[in-house]
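A.B. asks: Work the whole structure out from these sequences, hints included.
One letter stands for each residue in the lines below.
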Amino acid sequence: MQVQTINLTKSYPGNVTAVQPMNIQLADGIVGLLGPNGAGKTTFMRMLATLLEPSSGTALVDGNDIRYDKPAVRALLGYLPQDFGLYPSLSVVECLDYMGLLAGINKTKERRARIETMLERVNLTEFRHRKVGALSGGMKRRLGIAQAILHEPRLVIFDEPTAGLDPEERIRVRNLLSELGGDRIVILSTHIVADIASSAQTIAVMNRGSIIFHGEPAAMIERVRGKTWQVLTDDAGHDMLRKQYSVIEVQREATGVLVRLVGEQIDYPGVEPRDPTLEDAYVWLMSERTGESPRIEVPELIAPRQGQTSL
Amino acid sequence: MNSTTTKLASLLARAQAALGRIWGTAVLETKLNLFNPAPWVMGLVLGAFGYLAVRTAPDDSSFALSWILSHDLGPLTEILLLFLAASLAYRPQRYEVTELQDSKVVASEEIILGRWLGMVVAIGVPLLMQYLTTMIGQKTYAQNTLVPLAYLYSFWHLMPSVLFLTTLSFCLVVLTRVLILGAGFAGLLWFVLFFGHPYYPSVLRIELSQNRWVFNGLTGSFLVLMLLGYRGQRRAKRAPSTYGLAIASLLLFSVTAIHGLWIALAIPGKSSVVDDWKRLETAAKPKGEPLPNFAWNADNGQRISLAQMRGRPALLIFFQPKDSELLPLLNRMARLRTEFTADKLGLLGICFSEDLNGGDEAVRMAGTPATQGLPVVTDWGGITQGSFDARHPGSVVAWALHVRNTPAALLIGSDGREMTRDLPLDENSWTDLKLRLSSALKHEKLDPGLRYNPLPGILS
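Residue numbers (my numbering), protein chains in the order written: chain A, 1 to 311; chain B, 1001 to 1460.
In case anyone wonders, no lab produced these hints; they're calculated from the structure.
Computed from the model, here is a short list of chain B residues facing chain A with C-beta under 7 Å:
| # | residue |
| --- | --- |
| 1 | Leu1100 |
| 2 | Asp1102 |
| 3 | Lys1104 |
| 4 | Lys1237 |
The beta carbon of each residue, even a glycine, is placed where N, CA and C say it ideally should be.
C.D. replies: This is how it looks when you write it as structure tokens:
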């Protein structure tokens, strides 16, 4: 299974280009698609999912052109948009049955068997007869995942699958997604690095409609080696550092504020180099590209330790 | 050969899968629609109208009541169902599911067609509730026998206009996603169709059965056009289905237009009707002169005229589709035809109706072998009670032959002159009718001692 984009572009009236001419090749495995809000991730994925017509260029999904072979592409595709709805008055099973039919599983017996397996897999068996409208946000998201992979698609696209979920449900969904790899491409879009840190075989980082990095997580981390720092400072120092550098993490300690940041050279007393993480690499890539500190959706402050007050 | 067979098999499999998805969507939509209270509430409202019709109608026969349902209450039913269809098409939760559906192999057209079928079932529910309530009401309160077939024909009359208006409303809401726009435009068209052409025969009169296929054709055309236009970007560039739908809509429109034109030529227009009336109004008719000649085209295309009956006596029987004892009357007509074969009695049923199929449908409804093939023609228009009204002209034949009520009979001689018109047609006067016919055919004077039970409709 292979996905190849050839100058894939999407622009809108008013000289707005959501996706710059894009050339990227994706192979089997989980691909983490990272990027801030408005980077063009959803537009890119909707074009791949044949829901949006490219302005120019194209993409080939297993050799099928997304402009001319839409039914063939859809037969290979499983898609879960960020915001989706399901018929609230249907039960979980009825909903999956209908979605399975639409996805091309025509035989009733086969559909039922797959639904049973899928319910086990997404841990919804005991809620099989519950109305969709009565499911929690996390359950609904798991149901969304189930409908996307029910027909065993070769290309699976998940747009922000963990958005808006509580931590426990987020971990559950994350674990579920990490099992999906194998001989298929799973594109997992998120702006939360932790969601793909453990599962993605390759990562593509998008910003302002362009892919600014595509490779293995290790290679991404290597980009920022020697550029990750940590310093213990006070509130005034923290403010100063935040204005000058890309601050990744801030923790309030008993003795001051522990700040983790990325930069070529940090000119600040007491600063020490640290081993880089994927999150460091992501922040570095974004700042490198834009020349400014990106706004990232990580909690500004980690929860304070016992006995400390929140900032 | 092998590759052709394989291609055919693959095509068949794809068609079968598509049908399965349409069916699945239709079942789902039906379920969702019927879980919605709107069709049931509408059914209660329409059912109440049906009940009131039973309790207030002067004639409580199946024919009269079913006529009220399809013709008198029909427009109200249509406008109510048009709004129901719009509300069923407008369901915001559907739009949230669209993104998921669109990423699957199912075509938009399959989903929309399934939704339309679900809508049709849902609008069928209130209609059925209305008809069932009326039938139960008739069974409970009325003295006349219940004739389910009369209601079936009435339902059959109503369906094309209901389907046309609800489909139009459904299509507009689906395309625009704006409830008030779809319902509003369809409602406006309803208003124009009913009040723009109130009395004269026209191809645009939606309630007339002769226009049934014009409006069925328009329904189909709107549906195909909507399938063509709905989320076209989901279709692959230069997709065969785009071309297929475009050709289908063009063909449907063309065939409908030609058919409409054909009907427009066949039915008398406003000017023709008014001219006929004026001619008859001004023409002096000396007493004892042969009846003016009238001609009609029968359903099978045969031309039938009063002049063709010259040279033998003929009995003209006038009726309307809403007459309460219509089916027994047609059966008696058939018996007369058999019993008076030796007398070479000509027989012609003349149905007064704005539906040009009224007479043929009555014969079909009678359904017995004897009544099949009865010579029946339909003369456009109802019965005019008073003087000529140019805004509501009615049947020229009824006016010219002084028929003011139905059923009624008129016996004309071999010279085309009127012999008698006071012939009883009810079942109880069957023997009396035959005696009177025999006397008249032998030019004998009617015996005043015979039981005489005239119908009050004929002015001598």
